[in-house]
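Participant: Below, each chain spelled out in residue letters.
4 protein chains.
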Amino acid sequence: MALRSKKDYVKSLQDGREVWVLGQKVPDITTHTLTKIAVEHCANTFDLQQDAKERDLFTVVENGEPISRYYAFPQTSDDLEKRRQLIDRHTEIGRGQLNLTKAIGSDGLMAATVTAHQVKTRGGSDVYSKRLEEYVRHVKKHDLAVVTAMTDVKGDRGKRPHEQADPDMYVRIVERRKDGVVVRGAKAHTSASLAGNDILALPTRAMTEKDADYAVAFSIPANTKGLKLIMRPMPPHDVSAWDNPISAKNLEGESVTVFDDVFVPNERLFLAGEWQAAGLLAQSFANFHRFTGVSYRPTIGDLLIGATQLVAEHNGVAKAPHIRDKVARLIKYTEMIRACAIAAARYPHTEPPGIAMPNVVYTNIGKHHFADSFYEAVRVMHDVAGGLVTTVPMEVDWNHPEIGPYLKKYLAGNAAVPAEHRVRLMHFIRDLTASDFGGYTMVGTIHGEGPQAAQNIALMADYDINRCVGLVKKAMGI
Amino acid sequence: MALRSKKDYVKSLQDGREVWVLGQKVPDITTHTLTKIAVEHCANTFDLQQDAKERDLFTVVENGEPISRYYAFPQTSDDLEKRRQLIDRHTEIGRGQLNLTKAIGSDGLMAATVTAHQVKTRGGSDVYSKRLEEYVRHVKKHDLAVVTAMTDVKGDRGKRPHEQADPDMYVRIVERRKDGVVVRGAKAHTSASLAGNDILALPTRAMTEKDADYAVAFSIPANTKGLKLIMRPMPPHDVSAWDNPISAKNLEGESVTVFDDVFVPNERLFLAGEWQAAGLLAQSFANFHRFTGVSYRPTIGDLLIGATQLVAEHNGVAKAPHIRDKVARLIKYTEMIRACAIAAARYPHTEPPGIAMPNVVYTNIGKHHFADSFYEAVRVMHDVAGGLVTTVPMEVDWNHPEIGPYLKKYLAGNAAVPAEHRVRLMHFIRDLTASDFGGYTMVGTIHGEGPQAAQNIALMADYDINRCVGLVKKAMGI
Amino acid sequence: MALRSKKDYVKSLQDGREVWVLGQKVPDITTHTLTKIAVEHCANTFDLQQDAKERDLFTVVENGEPISRYYAFPQTSDDLEKRRQLIDRHTEIGRGQLNLTKAIGSDGLMAATVTAHQVKTRGGSDVYSKRLEEYVRHVKKHDLAVVTAMTDVKGDRGKRPHEQADPDMYVRIVERRKDGVVVRGAKAHTSASLAGNDILALPTRAMTEKDADYAVAFSIPANTKGLKLIMRPMPPHDVSAWDNPISAKNLEGESVTVFDDVFVPNERLFLAGEWQAAGLLAQSFANFHRFTGVSYRPTIGDLLIGATQLVAEHNGVAKAPHIRDKVARLIKYTEMIRACAIAAARYPHTEPPGIAMPNVVYTNIGKHHFADSFYEAVRVMHDVAGGLVTTVPMEVDWNHPEIGPYLKKYLAGNAAVPAEHRVRLMHFIRDLTASDFGGYTMVGTIHGEGPQAAQNIALMADYDINRCVGLVKKAMGI
Amino acid sequence: MALRSKKDYVKSLQDGREVWVLGQKVPDITTHTLTKIAVEHCANTFDLQQDAKERDLFTVVENGEPISRYYAFPQTSDDLEKRRQLIDRHTEIGRGQLNLTKAIGSDGLMAATVTAHQVKTRGGSDVYSKRLEEYVRHVKKHDLAVVTAMTDVKGDRGKRPHEQADPDMYVRIVERRKDGVVVRGAKAHTSASLAGNDILALPTRAMTEKDADYAVAFSIPANTKGLKLIMRPMPPHDVSAWDNPISAKNLEGESVTVFDDVFVPNERLFLAGEWQAAGLLAQSFANFHRFTGVSYRPTIGDLLIGATQLVAEHNGVAKAPHIRDKVARLIKYTEMIRACAIAAARYPHTEPPGIAMPNVVYTNIGKHHFADSFYEAVRVMHDVAGGLVTTVPMEVDWNHPEIGPYLKKYLAGNAAVPAEHRVRLMHFIRDLTASDFGGYTMVGTIHGEGPQAAQNIALMADYDINRCVGLVKKAMGI
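Residue numbers (the working numbering), protein chains in the order written: chain A, 1 to 478; chain H, 1 to 478; chain V, 1 to 478; chain E, 1 to 478.
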């Protein structure tokens, strides 16, 4: 078997999985109004893999068979740079939103592989390592969409897993059987879960010995019994694409993911009690996934740049020096992220068994930067665009026989631009950044791939401060 | 006649005005789902005026009769400080949104009065001055809710009114009659227009001689023939108050306001061709209204402070030093605005015929500051709150018999706080700042009361830079 | 006796005090090259008190006698506002540097008075209260220049006074006698100590019972035996005023102040073991003194505004919009501080026995702000000024017969401005902000009146967060 | 001939050049107190070229001969990355200050080469191209230290060269002879000019036809008749290295460079009237040189990181979370520059005749960033270090028999660190950032390699905004 078609993929999601939206159980996610958008968005991967123009970027040939480049783990700096380009391009095609299915899944699989290898070299079993090799082969062969569920619901943030009043606040093993384990718990905001074939669950933090049952990693099909995806449509998706050009087409398909005593067979179990390894797994995933973050966020910046330039043209002020300075600020914001991603790919650490891990310093400062300055970037765009961004009339007004003509007359700007384009651009800006969808995006820049405090911790753990201290001492002569 | 009751006020809005929402003509704005919220929000003024606890702040006695304090134009620093306190308190009661009706109307009336006085002292007629005196008496006597329509739709920003391809892009006099004038044009985003009894229209900028027909100011009842209010509900207001605690109750009632050949009788005409005075009128209004801005914005800051502190408690991290530093940043953000408002009231300029105009420097830097740093303040709150802000389940999920129990179990945080409170607080934060409503608020911090460029211009026009240059020269001895 | 003349004051400093500069013991600080500048700077107070134009601001009449306004403790909001104006004006006259002698001394005396009163009302002795009354009378009567020594050298910041390896790292009582105590220790960076008649020492922090000997406050003449002032000239002051227009005239006269077993007589002892009161004394002083800070810092901002405007004129770019925006940023920076000072004076707390303490919130955010953004303000000025700021030739080059002509020819800018003025303005900017003196000023914005962490602590201790939390709960309906 | 020794180089500077310092003509710059430091600093290149450990980075083999890597113009991305590493390492060895001689000279030579090639391909003469090839061979062969003089003194910034009141405000050809030209004018702040063998002069801006005589580029020995270097020591360099660990050793040797009717022979003339090419030459140099900027600035950041970490250790607070966050901010500041440099090397533009020009976008945003945030980075370090940075006693006090013991006792911090180390670290911080030298460094971050406005212009000229606009249009479906 080889690369799947879009049709095969969509069909594979009609598998009886338990998905809830707005209090309704969805019988078929590929056809339901509130879920089909996420399916459609995620399905583009399968078209792109076959597309003559995109194929070289989206696939590689391994053992004579084409596979998704997402699953070809990078071994060199150049491989990482290609992965960055893949993610950048994929996000561009997705109107600023990466289809995360294979991306986040492969981030998780790389982290699990690195960790399993370390378990082995530290004298532990090689069973996880072998299972992962086998599973990755299976994923490639069947061209599966894998997603990763990482963030536990956590309960009281001041307490460790085993200290919680309710022991289920982190996913844990509640029963060990000969053929596998039973797990219970819930993961919060699992990205793209709706559209995954398999869900890879990883521990969210370092563990102590008493937390051993929480040190669990595994991958299971989305239709596994007891697995419930409680999704939140953002926003309700029965909206006009005229008013909501982005959110009518982009939907992440994120969920609260409940493991209600779910059975995991041994061959899909990749960590089961080795608490010493949980921290490495969490950290490695964070780093691989932050590289995905710094690779796809620049495209959102591209949209801010483009919309700001265009709205300035519509308003007739594109050549004003202060407008050009504002556009330059947006370019700087965006390309600083891209520069970090390029630098992260340029100087990787190679982790056994041979995976090129993106440079921790550049990955983490890139992520920190885009979270730190995204709101400000949005503010710059809003400043240029004007108050109409959120007082712009809707399609139903614009096309109304009685009031439409007034709006068409009075909301014209620069005569060279059709009034409707101007008004729809205002909606584009609103929908992207000053709406339910925009709020989701903004909060996502901070908390997606982990909050800024986590980046600082990763940075300080990795950075060679002693080199800097040494330079000072040498310059002082002490 | 004296202060009206809420009932009288609501009844006065059932006056046949032409209001459009989502393509529908609203027969009675006081009962329609999409408009009654704005009516309810604005009606609180009339209750507060009668409330024993609030009366002293909301009213003053003039000639033996109580009138709204909004219409008692400040004559001293202390009067201004009282006005600031009134606005601050009124916003607090309004959950972060000032009922603008009388506030923005009185800002406009003060500006018109100052301008009419100047027209007179510069050798022009005293007719506008007398009409305004009479009109203000009328407003006080009937306790009217007056709003101000200022921002024209503007067309091509690079051209003056008379240069536009369509001559109607700024409101203008199209016919002069013995008993009044006929005006045509449209104003964009007129705040609280839905709930005003009268609409006061002012020119939006300085004019040249060729723009004389655009130098027009007047006040007319909202049900005047030819006046059309095309409103945009933000967001659609048939929503759950559990999910949307703020936006289900707060609605500004803002509109595109079309003057479709509207007749204005002479006694309500306050400028009609004196193009030299248009700039003063626009600038004065901007300054009075920015003082309103710096007086009400701190309360939105108070909500950010309170929500951030509370969510930190819910998450169990309120005592962490970095959390306290973040709360301190929000306090600084908020109280810097308040300090500017206090300083603006402390050092007013008295403008003939005796109106204390808030200090231009402090008013404008206060407004500039809250626009400059609001997005960043929101970011700080989102950082503390966590990703759940925009992935939080909705009421229909929370109370669902099948999936509700999972959510109640897994979304608990600090055991001392009911899980439902935590989840609803997430909705509060989301609704206030990461939603359609939040987008409206954010953009409003920039463009409400004029964009930042306008504050810089006002600041540079007013500031005594020569004093500073003189200090430098003296210190240099040249 | 009444207000002293400058001559009397200068003479009073020839009192045998032990002052060290650059390894030399200074026999007479009023004549020595490296110290007389500080003396001259501080002496201006005595001229100003007599100056017909300044007298009303610099003095008040108490019991029929004129005294320095610095020593008339404010009792009302208006008194505080006058004090703010006094400090602002005094700094303006001092070319951006406040003569701190009486200002910081009175900040200390107010704090000691409030604390002594609290010791009394909490059931302690009234002796300190009475001594302070008497001492303040003495200060007023003899028109003394009093300075405050507060910051101990502190040793290991992680340890309390009694825990230090060397017990002398905080000033302490080493012997108690019938007629007084003997103290030992050292205070770091004591502002204006060189030019004070008396030095008031206060504890630098809250104390525990074991630190009781460190809870000591007193005032002694600067020539007391055992008192050593080790001063650091910043920069060496034998410089050309052409090259260094500010630092050739301004010198703070700050020192490491060593108390080498100094005897303090009972009548000058204001705290001697009441460890519970040390924290209040330190906090009160901090707050009074931060108000002094927010009152004098705006004048430094005025110099940045003036120099930036002037250099833009010299370079011929003053009307460019981006330059005007930069000047506006400096105005905003500066006037935000002033607004905080005005607001702090407007809403004081009255502390027994009747001293109006500046509002803690506005005082602390004002201080935090000027520290936070001063470097950025300097950067804006440097950006406008150009690279010549630090490559500008010196007087010796400019007036050189052989190379001077080249410099005069080639360093001309805008033809309307003499080349020498342009070059000297560059020196002004350099001397103020890009030099040894500038470095001292920059670091002083952060650490003068305490580091920013201290402001956050004071802010969080005083701010009524519950009010904000209450607003949120009310809006949520919980 | 091949690589020179340090001794040869120093000797080559004893060539009769006309250097002025503090009004004195310097007979031998290699021995004069105020200039020998710059010579010493620049001479390190010649040692490093021979150093077994550094040789591979500092040299390349060309035609069987080792030459300085600075003069091996990069042809590929990897060559550029090596150049970046060379500059980074060279700066590290120079205690934060790059020895600019060969670096800035080769930046200029590459720009001249690219420009000469364009003159040729646009139908002009190939004479400049040939002369440059010949000259570069000569530079390599004799291992010359070449510097670039670019910034003209400019006079009135609002006027073009030919419009100036004095026609000499930009360097120009005043006479054309058969064997060469005579030039007149002056260049401001020429970096490292003191220590160059040859000085390469380039036009500072684009020219119009009337400015043709100002379109002149050439290289001449520093001892050419009529060439005068008026240097400004920063600070005066007869200082204690204990007090001034950096500035006692680092001196840029920058000058006002006067061309007093200097003869340039044809073979060293690289542009002489082709005004259309002046802009390209200026822009190309700016870009090559900004890459040098983004390559050496990170090392200054390394010093900030190291000093902040070390001072936190000395103060005993290195593990406090808020301190670690501050160090993380400095790392982010620094490594963002490095990331831009790496990205600029990764994606070069190849300019005919085959020189890899660093990516314009990444080069310019990197430069913009380090200028934008350097002052803030310094502020962070000062915040952590404490007030002692600028009140720290000097060597003469510290080692004084009478007062030294008090200082040694009282200025101890963390007991694990010698008090002297703590005090000297304060001097290190002061000298680097809060002193005359620090002021020079700060202003240099803004104006070195051109002010930020110039980066924005370069960025906007190069950036493909249409790509971004296209993405928006596609997403909107228009």
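Don't take each hint at face value.
Identical copies go unnamed one by one, so any copy, or any two together, can satisfy a pair.
As the list claims (entries may be wrong) - Below, computed lysine-lysine pairings styled on BS3-like, alpha-carbon distance capped at 25 Å: (1) Lys-408 with Lys-25; (2) Lys-474 with Lys-159; (3) Lys-210 with Lys-159; (4) Lys-130 with Lys-178; (5) Lys-249 with Lys-319; (6) Lys-228 with Lys-82.
These are computed hints drawn from the structure, not numbers from a lab. Since we're looking at a predicted model, the values are computed, not measured.
Participant: Now tell me, hint by hint, if it's right for this structure.
Facilitator: Each hint tested on the structure:
For a Cα distance limit of 25 Å, the shortest separation of Lys-408 from Lys-25 across copies, 18 Å, qualifies, whereas the shortest one inside one copy, 43 Å, does not. Taking identical chains as interchangeable, the C-alpha atoms of Lys-474 and Lys-159 are never at most 25 Å apart, the minima being 44 Å within one chain and 30 Å between chains. Within a single copy, Lys-210 and Lys-159 get their C-alpha atoms as close as 13 Å, which meets the 25 Å cut-off; across copies the closest is 35 Å, which misses it. Taking CA atoms no more than 25 Å apart as the test, Lys-130 paired with Lys-178 passes inside one copy only; the shortest distance there is 18 Å, against 81 Å between copies.
With identical chains, the CA atoms of Lys-249 and Lys-319 are never at most 25 Å apart, being 33 Å at best within one copy and 42 Å at best between copies. Taking CA atoms no more than 25 Å apart as the test, Lys-228 paired with Lys-82 passes in neither setting, with 35 Å inside one copy and 54 Å between copies.
Checked against the numbered hints given earlier, the structure breaks hints 2, 5 and 6 and satisfies all the rest.
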